[in-house]
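Construct all of the structure, not just a fragment, from the sequences and the given hints.
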Amino acid sequence: MSTIQLAINTKSYSVDTDPQTSLLTVLREYLDLTGSKYGCGEGQCGACTVLIDGKAQRSCITRVGSVSGKQITTIEGIAKGDRLHPVQQAFLDEGAMQCAYCTSGMIMSAVALLQKNTEPHEKEIIDFMDGNICRCGTYSRIVRAIQRAAKAQAPALAKGASR
Amino acid sequence: MSAKTNTGLPLEPERYELRAAAPYRFDLDRRDFFKFLGAGVVVVSVLKPAIVAQESGGGRQRRGESLPQQIDAWLHIGENGKVTAYTGKVEMGQNIRTSLSQAVAEELHVPMDIIEMVMGDTQLTPFDMGTFGSRTTPTMNPQLRKAAAAVREILIGLAASQWKTDRQQLVASDGKIVDPKSNRSIEYAALLKGQQITQDIAADQLLIPATHWKVAGQPALKIDGRDFVTGKHRYPSDQKLPNMLYGKVLRPPAFNATLLSADTKMAEQMGATVVQDGNFVGVAASSTQAAEAAIAAIHTEWKPEPQISNKELFDFLRKDAADGKDPSGDGDRFETGSVDQALSSADHRLQQTYTVSYIAHVPLEPRAALANWEGDQLTVWTGTQRPFGVRGQLAEAFRISEEKVRVLMPDTGSGYGGKHTGETAIEAARLARAAKRPVKVVWTREEEFSWAYFRPAGVIDVMSGVRSDGTITAWEFHNYNSGSAGIRTYYEVPNQRIMFHEVHSPLRQGSYRALAATANHFARESHMDEIAHALKMDSLDFRLKNLKNERLRAVFEAAAKQFGWGKTKAPGQGYGMGGGYEKLGNLATFAEVSVDSKSGDVKVVRVISAFECGAIVNPDNLRNQIEGSNVQGLGGALFEAIEFENGKILNGRLSQYRVPRFSDLPTLETVLLDRKDIPSVGAGECPMIGLAPAIANAIFDATGTRLRALPLVPNGLKAS
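Protein sequence lines, in the order shown, are assigned to chains E and R.
Start counting the first sequence at 0; every next residue gets the next number (numbering that gives the first Met the number 0).
Start counting the second sequence at 0; every next residue gets the next number (numbering that gives the first Met the number 0).
Rather than coming from a laboratory, the hints here were simulated on the basis of the structure.
Be aware that a few hints might be false.
To be verified - Only pairs whose alpha carbons sit at most 27 Å apart, straight line, appear in this in silico DSS-like list of lysine-lysine: (1) 403/R - 597/R; (2) 163/R - 175/R; (3) 163/R - 79/E; (4) 597/R - 122/E; (5) 602/R - 122/E; (6) 10/E - 239/R; (7) 69/E - 231/R; (8) 175/R - 122/E; (9) 675/R - 547/R; (10) 10/E - 231/R; (11) 568/R - 597/R; (12) 602/R - 675/R; (13) 54/E - 231/R; (14) 150/E - 231/R; (15) 239/R - 403/R; (16) 302/R - 264/R; (17) 10/E - 122/E; (18) 122/E - 69/E; (19) 122/E - 150/E.
As structure tokens, this is what we get:
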């Protein structure tokens, strides 16, 4: 057991646990941040995806001891107050979900993709997202949602760049 | 039965208020509705006796029924104008929470977002057999529409008497009753102040015809979608109670193994609650890790039982059917004309065998349950398609009355027919009883692969006889084990013998989206192509020549047109079709594949489905279901298969069991035929049945290789 400091979304947490514990377990069981989902426990399905220093990572195979001091972003942390993140809004607008259990992982992966590639082609989206499973089969809608989010983000990014 | 209605607490069923006790008990006296619902109008949907028998599953008596089973839904509108609909159906991604809200909004003339749907709570909603078989749209949707229409008529009557005017001249519009002549209007809420009205739906309750729908018939996005894109929604596996423990069950090393001994001392010393009860060994501890450690510290000995492997499966199924004297009943065999005579006099005869493997549902949310005992009252939150069925299983397991059990189903992470049973509910409840604290059990993916159940494997033999002009004269069809859904042919054949043969399945098997219709359509629609090829006829022409059903002809023709059937193809390219009729829906699916002759890789490039399910309730969600069926169907068609040996699943992880991913995605096109003159039926299952034969036929078209086993190309074409 050790005390681990975590920076998650806008808050700091102090967690007493074995550093080998998975980040997903800490998020869900210790901190009640249940937006990140368990799907396979071996990094195969992407339902547990979070951002660690801006990169999409599978929290089920990430040891909590390895992310102390890094910025962790979960699905709970990407909307600004009542205003949804453009990727969240695009998933809603495209109806890109059925049971939606994969949705938070899909959205976090898509946010990471759009951070490094603001205008991904369809092939780039498919390659990047291939580690995320939607068993309901809404892949084509998710591709459209990511393209829509990219378009929605474009003006905001341009504005940011001109500053 | 005595009323135990608690009037002190506000009713917030939609939030799955975990901290509240389960205080409500509906009584047969409908006046009691108002004690907790508040004043207003309640309209009760009462089923006809014939439907009751059908929906309640063979008329088995259920103990401790808290509601008369002939009630299947009700609708309440309060003096605050809030509308609440109660149904035992559940939401798992098919988006019926949305489509049922559309139905109520349509008839009641209120915005969709003021409607609350209370679903799948055995204490608050009427009995429902379960959410499966594409039944919600043809049954629950019209029931709730009728209830909403009845409420609307009551409101018009209230306004008419308040204004002392003729009700005929009043209309409902946007939450108000309006008198267009005098320009008066009054909000529903104002009309309902202090009212306590209950009414059954009149048998002749008129509904707005589909041609006049304004809300239904239009695309509507997931009604509470915001809760899902923000991670706020609490699925069954996200539920939590104060003081809760985490449960784990020790699994046998193989199916059918018998527990000889268990040494649980170490686990107990670690502080875990340990339960050994027959073959059941489980623990509850303060965290999942602590529970896993306790399980690892238990030493057990088991007596295994030799069992067959997937390599011997198909021989076993056939042999077992022969040995087992075919226990199938009359409902599973159909015979007309004289098949033997027609076969012997046919110009051409064809006999072929098709097989399908066991496959797993892989709902992305595995089974999960949170159980809490308060005295002898048990409450369980769990992901299931049959909350009332799970209530019965819990009552049976703990030898208590169903009245003491409440099952709630928070919208769950999919089911596909795989969540009909209550394993985790029972496990969590058993551990909670021992721990005297709430216990949550969430299965791992490996547990879900091994200890849930599978889509049945099967062997299908088809014999056919045709005339040289392409008329089918004889059709004999035997399905071993996979099931009888979709077993009858919709092609016109005067002489038929169709049988389902029940078998002792070596693996635990059960419902799967579209049931055996996928297997039976794969065999039938593959065989149709094989005959057409033997006769050198075009596949579409051959089908249409033997097909009279206008609705089915219409979808085949629509899909063919969209696909461009008959167009030329490049080397390695192939086109194929499959279609049929299931759960009252009509489907034709066309597929284009490309086969890499060097690597043997098969890529499904384009899939077109034409679908007709009567009047369309929500076109966007319908497209979503059809696209999803085709994507999920790719797995069973191309590569999904459970491997097993001696009672062990050999590929029970997502790293070993391949499911469709983004990179498998073909171009998907959907043609919707909207028949506003025909009652709406469901669409969760039928759209799945055409893909596998369409791909098999397209692979044959591309390569000349006929594949008769699902999955078609688990290792690419060369290796299979």
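Structure-based check of all given hints:
| no. | hint | verdict |
| --- | --- | --- |
| 1 | 403/R - 597/R | 64 Å, violated |
| 2 | 163/R - 175/R | 17 Å, holds |
| 3 | 163/R - 79/E | 53 Å, violated |
| 4 | 597/R - 122/E | 23 Å, holds |
| 5 | 602/R - 122/E | 15 Å, holds |
| 6 | 10/E - 239/R | 22 Å, holds |
| 7 | 69/E - 231/R | 24 Å, holds |
| 8 | 175/R - 122/E | 51 Å, violated |
| 9 | 675/R - 547/R | 21 Å, holds |
| 10 | 10/E - 231/R | 18 Å, holds |
| 11 | 568/R - 597/R | 19 Å, holds |
| 12 | 602/R - 675/R | 37 Å, violated |
| 13 | 54/E - 231/R | 22 Å, holds |
| 14 | 150/E - 231/R | 26 Å, holds |
| 15 | 239/R - 403/R | 21 Å, holds |
| 16 | 302/R - 264/R | 21 Å, holds |
| 17 | 10/E - 122/E | 36 Å, violated |
| 18 | 122/E - 69/E | 31 Å, violated |
| 19 | 122/E - 150/E | 17 Å, holds |
When each numbered hint is compared with the structure, violations occur for hints 1, 3, 8, 12, 17, 18.
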